[in-house]
Amino acid sequence: MKAIEVSHLTFAYDDTKTTIDDISFSVEEGSYTTIVGHNGSGKSTVAKLLAGLLEKKSGEIKLGGLDLNMKNLTAIRSMIGIVFQNPDNQFIGSTVRDDIAFGLENHCVPQEQMDDIINLNAGKVKMTKYLDQEPTRLSGGQKQRVAIAGVLAMKPKILIFDEATSMLDPQGKDEIKKVITQIHEESSLTILSITHDIDEVANSDAVIAMNNGKIAMAGTPHEVFSDEKKLKEIQLDIPFSMKMQGALKRRGVNVGNHLTMEGLVKELCQYNSNM
Amino acid sequence: MPIQFEHVSHTYSTGTPYEYKALYDINLEIEEGKITAIIGMTGSGKSTLVQHLNALLLPEKGTIRILDRTITAGEKPKNLKSLRGDVGLVFQFPEYQLFEETVIKDVAFGPKNFGASEEEAVKKAKHALSMVGLPAETYEKSPLELSGGQKRRAAIAGILAMDPKILVLDEPTAGLDPLGTVSMMSLFSKLNREMGKTVLIVTHDMEQVFKYCDNVVVVENGKIRTHTSVQEFFADSSLCREMNILPPALIRMKDLLKEAGFRIDDNIQDLDRLAYAVARQVKKHG
Amino acid sequence: MGNITLGRYIPLDSPIHKMDPRAKIVGMLLVLIAIFFPAGWYGYAILFAAVAFCIILAKLSFTFIWKAMRPMLFMLVFLLVINTLFLKTGTPLFTIGSFTMYSDAVFQTLYIAVRLLLMVMITTCLTATTKPLDMTLGIEDLLKPFAKIGVPAHEIAMLISIALRFIPDLIDETQRIIKAQESRGVDLKEGKITERIMAILSLIVPLFVSAFQRAEDLANAMEARGYAPGEKRTRYKVLKMQARDYVLLLICAALLGGMIALSIIL
Chain A
-15 MKAIEVSHLT FAYDDTKTTI DDISFSVEEG SYTTIVGHNG SGKSTVAKLL
35 AGLLEKKSGE IKLGGLDLNM KNLTAIRSMI GIVFQNPDNQ FIGSTVRDDI
85 AFGLENHCVP QEQMDDIINL NAGKVKMTKY LDQEPTRLSG GQKQRVAIAG
135 VLAMKPKILI FDEATSMLDP QGKDEIKKVI TQIHEESSLT ILSITHDIDE
185 VANSDAVIAM NNGKIAMAGT PHEVFSDEKK LKEIQLDIPF SMKMQGALKR
235 RGVNVGNHLT MEGLVKELCQ YNSNM
Chain B
11 MPIQFEHVSH TYSTGTPYEY KALYDINLEI EEGKITAIIG MTGSGKSTLV
61 QHLNALLLPE KGTIRILDRT ITAGEKPKNL KSLRGDVGLV FQFPEYQLFE
111 ETVIKDVAFG PKNFGASEEE AVKKAKHALS MVGLPAETYE KSPLELSGGQ
161 KRRAAIAGIL AMDPKILVLD EPTAGLDPLG TVSMMSLFSK LNREMGKTVL
211 IVTHDMEQVF KYCDNVVVVE NGKIRTHTSV QEFFADSSLC REMNILPPAL
261 IRMKDLLKEA GFRIDDNIQD LDRLAYAVAR QVKKHG
Chain C
15 MGNITLGRYI PLDSPIHKMD PRAKIVGMLL VLIAIFFPAG WYGYAILFAA
65 VAFCIILAKL SFTFIWKAMR PMLFMLVFLL VINTLFLKTG TPLFTIGSFT
115 MYSDAVFQTL YIAVRLLLMV MITTCLTATT KPLDMTLGIE DLLKPFAKIG
165 VPAHEIAMLI SIALRFIPDL IDETQRIIKA QESRGVDLKE GKITERIMAI
215 LSLIVPLFVS AFQRAEDLAN AMEARGYAPG EKRTRYKVLK MQARDYVLLL
265 ICAALLGGMI ALSIIL
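Chains as they are written, first to last, in the working numbering: chain A, -15 to 259; chain B, 11 to 296; chain C, 15 to 280.
The set of hints was computed from the structure by calculation and includes no laboratory data. Treat each hint with caution, since some may be false.
Claimed, not checked - Interface residues of chain C toward chain B, partial, derived using beta-carbon atoms under 7 Å:
#, residue
1, Lys193
2, Ala194
3, Ser197
4, Arg198
5, Gly199
6, Ser216
7, Val219
8, Pro220
9, Ser224
Unchecked claim - No farther apart than 16 Å at their CA atoms in a straight line, the calculated lysine to aspartate or glutamate pairs in the EDC-like style are these:
#, chain 1, residue 1, chain 2, residue 2
10, A, Lys41, A, Asp(-1)
11, C, Lys145, A, Glu118
12, B, Lys200, B, Asp224
13, A, Lys233, B, Asp282
14, C, Lys251, A, Asp100
15, B, Lys91, C, Asp201
Note that beta-carbon positions come from the ideal geometry of N, C-alpha and C, so glycine has one too.
The shape of chain A in the complex, shown without the other chains (with noise of 0.2 Å):
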């Protein structure tokens, strides 16, 4: 079953230069997709438009096998999560109670029934203890957590995650993709992130590298990191067990292709003459 089905999707905000330039791929239910590329290939925008929140020129979106259209928003909505990248701007409530209310609210969840479900996706994000605190009093990573309780709250099939990370510090990052990662193993979610984060791609399920608005490489993290040519020409960074592998093999030394330190490692430990 597929989350997103795209196809001959384009979109331009003016008349000038056509930001999504008909790209079609689709999403695995329950996958961890990631979206990579550089700054102005168009990734933001495909998310946007996923959640309903610009109007595709052309071409098709289906999520959960509904189309997206006008007529269906609200249905999609409901199914769609997404969480930015500025912590501050989408913090909406006084409190992080009030702020995961937020969309209860929307959805007209009976006020009753609210408390609950604050608390039990407050304590999904670790935020239980603060849920009575204002923005100003938490950092980057808190107020993320407390957008993805809100969103979460909502329940969502799918969730994005639009450089959720980029503007937090270290500490930050990797407690949102801790959180991330638990939610998609506790979870049938599907994942979709937009991300920088070359580790968090390697450990993804299935990867989209974007390029001036079109899809140009797509498959499992292995396939597209296999493509040294593509890689290049677009110019992706890769994880550093593939830059040591490319030292390796300039000094003859063969290895296979590994996403990550360990697995490297774990091979050249094979052939070390110390043992």
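Once you have looked at the hints, place chains B and C on chain A.
Coordinates of chains B and C only, in the frame set by chain A:
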């Protein structure tokens, strides 16, 4: 020594319920002509520290000597303006300081504030813009028309146009993509090597510290935890791990190889030499 | 910004803090109206006693009230000067040069000063004890009856609460832009007129650009979470009036009634 902190402390909102002590008795000497990284957790006091360099913040106690000037606690700093011209401070997300109608006017704004004539200022602006690699066709555009990375470059050019001797950058690559980050860091490296500018960079990115910086200052809870050369700092990962910092990928690779029984010299700090060392130990066998 | 006290919420645990914001808002309005009835010094003494009691009950300090008053002292001094110049009735008090100060000038100013003090005390009683969000909820509920005649009660409340939510962020942003421009040699305190205009522009333009960016991000975030203005939604926080809230309203109404009565008698 162009920059020297002696027993410097700083407290925000003294005498209010929001009072907050950010720096405690800082003693620090920054080496001239080098790139120094200032690292530490959010809230450790890094930004407070660097804002003392051009007297945006004044010490509550202690003395700061910078170039040939002295800033002493409790005294009104003299020649504040010329200090701000000599120490260029680039804030986080500097693109938010652009305000003029055109890029060239915005970059010329700084030099004009420091008394340059219109003509001189434009000349300096053009020079700065070419240094940061913005093409001439952008000069007459509105800053709002530029891409994110270009805006950042224009804003940095706005500081460079003042021709500062010391360049201080607060997280200059935040929000840039990997490609933008590399070209930004190369720019600072070039300014340091070719123009002899002393550069201070506040950053969270250990890869940048490792690749581009000479020295590291670690700020922790408003105090200086360590001040050492980058080489020494990353000689092994124990120092990083002790401070809860994820070491650069190469250092992590070295750790894994060592654990797996490879003999890796602590001095190896580049990929090629590491690959060479590993290749030798692997080849003996095969 | 740490020294502005007027209008700031002070998180304390007091009976006044616990009261329903609607009762507090209506109560405040009743007493505010009461101030404007000329009930004489006795009237003001009663009002003052009642409001002071309320402040003690709310655990607020009088220095806090004094701090809130301080920015208005200048205005009062100005008023005294104007009154001295133009009010020439009552008994002459003293003469400096060609100016004679009459008793009415002093009384008039004192009258206004007392009214002003009472107003500050009353509004502080409300704003210092009511969370901004509760305040907007109260306003929304109070405006609800007017929704039928086209007053967008919910939208007004949402607008206020978002403004309140973003004020601290915008203050931070302003301070950062000031520092960034100061680093470029901007001098906000001195300089020729043209320089100062440029200095102010260099703050305002970036502030607007960033505020618009925030607004766009926020609109996206709200829309993505299912917000549609004008559409039906439930509410998480529900206000409930309790016995003490009715008591407060009753006391305030009594104060207003008393002042009207006094002003008619006098």
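Against the structure, the hints:
1. Lys193: holds (5 Å)
2. Ala194: holds (4 Å)
3. Ser197: holds (4 Å)
4. Arg198: holds (4 Å)
5. Gly199: holds (3 Å)
6. Ser216: Cβ of C:Ser216 sits 5 Å from chain B, so the hint holds.
7. Val219: holds (4 Å)
8. Pro220: holds (5 Å)
9. Ser224: Holds, about 5 Å.
10. A:Lys41 <-> A:Asp(-1): holds (11 Å)
11. C:Lys145 <-> A:Glu118: holds (11 Å)
12. B:Lys200 <-> B:Asp224: Judged against 16 Å, a Cα distance of about 14 Å means the pair holds.
13. A:Lys233 <-> B:Asp282: Status holds; Cα separation ~11 Å.
14. C:Lys251 <-> A:Asp100: holds (14 Å)
15. B:Lys91 <-> C:Asp201: holds (9 Å)
In terms of the numbered hints stated before, the structure departs from none.
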